[in-house]
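A.B. asks: With the sequences and hints as input, model every part of the structure.
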Amino acid sequence: LKKKLGSFLAKALNQELESKGYGNTCLKQTLKKAIDVQELQVGNNTLYSVYAMLKPSNGLFTAEIFSTPSGLELSSGFSRWGWYGGQGDCVLDPPRPLCHCPGK
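Counting with this note's numbering, you get residues 64 to 167 for the letters of the sequence shown.
A couple of the hints might just be wrong.
SDA-like mimics (lysine to any residue), calculated; alpha carbons at most 25 Å apart, straight line [what the hints assert, rightly or not]:
id	residue 1	residue 2
1	K65	K118
2	K118	L137
3	K95	N121
4	K95	P119
5	K65	F141
6	K96	C164
7	K66	N77
8	K67	E81
The set of hints was computed from the structure by calculation and includes no laboratory data. This structure is a prediction, so every number in the text was calculated from the model and none was measured.
C.D. replies: Structural data, given as structure tokens:
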């Protein structure tokens, strides 16, 4: 389950950057390691707080994901924890912490 949720987080992050026009600027992130998942039952749905390391950035990202009868849905924005240096210098804020620029 942790791996599935971590992979969903990476895919959703890539889709978010693409929808904002950064799909060709930022490298695609994939799951390196699902670090932690917290679970909260909300009626018939389950809310997961997911903490994962993505590659190639080796960044630590969190997001909340709902598991519903129709599948997984992103329930929050993304947060990046820790220092990311110049990895996102090819874009301006706000997506800068989420982007991993080629060659960084």
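A.B. asks: Work down the list of hints and note, for each, if the structure agrees.
C.D. replies: Right, here's what the structure says about each hint:
no.: 1; hint: K65 to K118; verdict: holds, 16 Å
no.: 2; hint: K118 to L137; verdict: holds, 20 Å
no.: 3; hint: K95 to N121; verdict: holds, 8 Å
no.: 4; hint: K95 to P119; verdict: holds, 8 Å
no.: 5; hint: K65 to F141; verdict: holds, 17 Å
no.: 6; hint: K96 to C164; verdict: holds, 20 Å
no.: 7; hint: K66 to N77; verdict: holds, 17 Å
no.: 8; hint: K67 to E81; verdict: holds, 21 Å
Checked against the numbered hints listed earlier, the structure breaks none of them; every hint is satisfied.
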